[in-house]
Amino acid sequence: MSRLLPLLLPLLLFAQSEFTEAPSFELESIDGEIVSLDSLLKRGPVYMSFWALWCKQCIKELDAFLPYYNEFRKRGLIGLAISEDGARFKARVKSFAKSHRWTYITLYDPDGEVKELFNVRAIPVTFIITQDKRIVFEHQGYKKGDELHLKDTLEVLLPEADTTKEGGCGE
Amino acid sequence: MRRVAILLLALISLSGKGIRISGSSRTEYWLWSDSLNEHLEERLLLSARYLDLRLSTTFFAWETTRTFNPYRFLDYLVEYKSKEVEFGYGSFYQTFGRGLILRAFFDEDFKREKRLKGIRAGLNKFNSSLTVFSARSRNLFFEENKYKVKNDTTDELRGVNLETRISTPYYLTPFPDEKIGINLGGSYIRMNQYEDLSKKAFTEIFGGRIQPMIGPIDLYIEYARLLGTRELVGGRLKGSGLYSSLTITFPGFGITGEYMKYDSIGYGGFGYRYNDPPTPIRQGASANRGMDEHGYGASIDISPLTNLHLEGSVGSIEDTPGEVGAFEITAKSKFEPNDYWSTEATYERHIERKIDPTYERKVSDRPGFEISYSWNMVDYLDFGYTIDFINEDGFKYHEQIIELGFGHSPNIAFALRYTRRQRLKFNRIGDKELIEIEHLGRNLGWLIFEAHLDLSRSTTLRIAYGGEKGGLVCSGGVCRWEEPFNGLKAVLITRF
Numbered sequence: 001m002s003r004l005l006p007l008l009l010p011l012l013l014f015a016q017s018e019f020t021e022a023p024s025f026e027l028e029s030i031d032g033e034i035v036s037l038d039s040l041l042k043r044g045p046v047y048m049s050f051w052a053l054w055c056k057q058c059i060k061e062l063d064a065f066l067p068y069y070n071e072f073r074k075r076g077l078i079g080l081a082i083s084e085d086g087a088r089f090k091a092r093v094k095s096f097a098k099s100h101r102w103t104y105i106t107l108y109d110p111d112g113e114v115k116e117l118f119n120v121r122a123i124p125v126t127f128i129i130t131q132d133k134r135i136v137f138e139h140q141g142y143k144k145g146d147e148l149h150l151k152d153t154l155e156v157l158l159p160e161a162d163t164t165k166e167g168g169c170g171e
Numbered sequence: 172m173r174r175v176a177i178l179l180l181a182l183i184s185l186s187g188k189g190i191r192i193s194g195s196s197r198t199e200y201w202l203w204s205d206s207l208n209e210h211l212e213e214r215l216l217l218s219a220r221y222l223d224l225r226l227s228t229t230f231f232a233w234e235t236t237r238t239f240n241p242y243r244f245l246d247y248l249v250e251y252k253s254k255e256v257e258f259g260y261g262s263f264y265q266t267f268g269r270g271l272i273l274r275a276f277f278d279e280d281f282k283r284e285k286r287l288k289g290i291r292a293g294l295n296k297f298n299s300s301l302t303v304f305s306a307r308s309r310n311l312f313f314e315e316n317k318y319k320v321k322n323d324t325t326d327e328l329r330g331v332n333l334e335t336r337i338s339t340p341y342y343l344t345p346f347p348d349e350k351i352g353i354n355l356g357g358s359y360i361r362m363n364q365y366e367d368l369s370k371k372a373f374t375e376i377f378g379g380r381i382q383p384m385i386g387p388i389d390l391y392i393e394y395a396r397l398l399g400t401r402e403l404v405g406g407r408l409k410g411s412g413l414y415s416s417l418t419i420t421f422p423g424f425g426i427t428g429e430y431m432k433y434d435s436i437g438y439g440g441f442g443y444r445y446n447d448p449p450t451p452i453r454q455g456a457s458a459n460r461g462m463d464e465h466g467y468g469a470s471i472d473i474s475p476l477t478n479l480h481l482e483g484s485v486g487s488i489e490d491t492p493g494e495v496g497a498f499e500i501t502a503k504s505k506f507e508p509n510d511y512w513s514t515e516a517t518y519e520r521h522i523e524r525k526i527d528p529t530y531e532r533k534v535s536d537r538p539g540f541e542i543s544y545s546w547n548m549v550d551y552l553d554f555g556y557t558i559d560f561i562n563e564d565g566f567k568y569h570e571q572i573i574e575l576g577f578g579h580s581p582n583i584a585f586a587l588r589y590t591r592r593q594r595l596k597f598n599r600i601g602d603k604e605l606i607e608i609e610h611l612g613r614n615l616g617w618l619i620f621e622a623h624l625d626l627s628r629s630t631t632l633r634i635a636y637g638g639e640k641g642g643l644v645c646s647g648g649v650c651r652w653e654e655p656f657n658g659l660k661a662v663l664i665t666r667f
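Sequence lines, in order, name chains G and W.
Heads up: the first sequence runs through residues 1 to 171, numbered per the working numbering.
Heads up: the second sequence runs through residues 172 to 667, numbered per the working numbering.
For the record, the hints were derived by calculation from the structure and aren't laboratory data.
A hint or two may mislead.
Each computed DSS-like pair below joins lysine-lysine, with the alpha-carbon atoms no more than 27 Å apart [to be verified]: (1) W:Lys319 to G:Lys42; (2) G:Lys42 to W:Lys254; (3) W:Lys319 to W:Lys282.
Just chain G, with the same shape it has in the complex (with noise of 0.2 Å):
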């Protein structure tokens, strides 16, 4: 046991260091589109939100920031919502996503490679990226009230409303 210890302290203090670039990925669409992120940030930058069925904080806080991503959407903001669930929920995910209303792109990552790509080891974690490709907001976990911080976050971030823009791929 008191071996793993020597490992464990450097890797804290490591740990500390910002991980500031967001990687590239490509992902199916639950309307079987493929997605790349290099390609929507081209059009906006990101909000990125890992979740699952199982998942109870994960949906209310995708639920909770939906009538603020409504409006971020006009200025530009892109929202991806990654279903982390397993091959065997495909078909449930979709239902799930389209009777949330959810406006944001819903993706498949049953094998968890995105996830991984991104260090995440619990869900939900929440990503906003630029358009330079920089994670400027990372959260893990969901409490009431955390989509005030976002969107206090994004105000600071996007520009005012530009009426001829909108993210998301028209879902």
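Given the coordinates of chain G, work out where chain W should sit on it, guided by the hints.
Same frame as chain G, now just chain W:
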């Protein structure tokens, strides 16, 4: 250990040379209050990226004072991945289709990992993707508070998968905002079992799938065929599996139906599988994991108002004689009258036949509700109550769970949970009583306090102190007994 330290130093020193280093660590510590036994588990992921090249490493170490056999491994994956081509050597996860043919994955919460180690290559071109691999698997499983490798690690898997997408331009579809498209796929896996006593044994599993998507309608059909060798006795084994689902969605409405029929499609060995035939049971139970079972599932999700969401589902799976199986009904309504209040009411009914060796038939009816109130959109209180009416082979009792939670956004949450069981099974006969007491102990009440703290934007700490009832936990058709626990559990997660 030395190799990990060298690797860490090497990666840190390279971080200033255009190589991007990232990673995460999850450290879990348990302390049993009665015996003072300890459990320490660390899974460290480190990744270095340079242009299209990536090196990922996973270091895992588990030690416990309950046994003298710690378990450690160091996995890695060296990968080149461009938009069109990918090639990798090392450890990876892979799923073909819905898992009927292959599913290698990691479920960290359930402590179950099916990882492949070998070579993988892929080509993405013309809306199609081709994947080939050759690898050996390691099925790591946590049960009875120990990590165990369940499979025969000399088994060798070789496979190929081809998927293609055909989409119709939007102006040709009858649905203005929707597309018409068809996804087609086919897979082949060959498994060599060097340890099989039958001569020159190998198993082939292959199949195809089609997924037409016409506006709001999404149909999926997958068929797989298995040609294998009967274990020990030899002789040709033939199996087949069918999985299909139909989803219809509109804004605010979604309905899904599933049907499955499996006959000798589960492949691997005793206690492990390399595929993962889907089960319709949300709790994760299956009859015999693809050997001889059929089932169906249906779910409906409706949001008639933006603040009202209704869900319902039914699922059933059983073997052909109808002796082993599971059935469940779930219903949930969630209503948020304003920003400050939210309420949720749930009802679940589960019927299990011979899923657990301690009973023949178990019926569980579980109504519950949860109320959450926030007075300033920063602090909130939660209250939840669930009662579970259980009937095990005519022996009736109930369990109640009361939960109280407090949170302060964005970084603190506390919860107190009390589980109360009505009585012990003293009127059971023979071994069944003994098994139950052995698994669940003689306690009738379990109180646990949990705290969730965000130490920084990328570090969280979860601490729980108190008692956990334990019991049967299932995921993806696999179930395990969790022993009762009394003591301290702490989980520290960091990303960097």
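Quick rundown of the hints versus the structure:
1. W:Lys319 to G:Lys42: Between lysine 319 (chain W) and lysine 42 (chain G) the Cα gap is close to 47 Å, so the pair fails against 27 Å, i.e. violated.
2. G:Lys42 to W:Lys254: Roughly 17 Å between the alpha carbons, so the hint for lysine 42 (chain G) and lysine 254 (chain W) holds.
3. W:Lys319 to W:Lys282: holds, 11 Å
Of the numbered hints listed earlier, the single one contradicted by the structure is hint 1.
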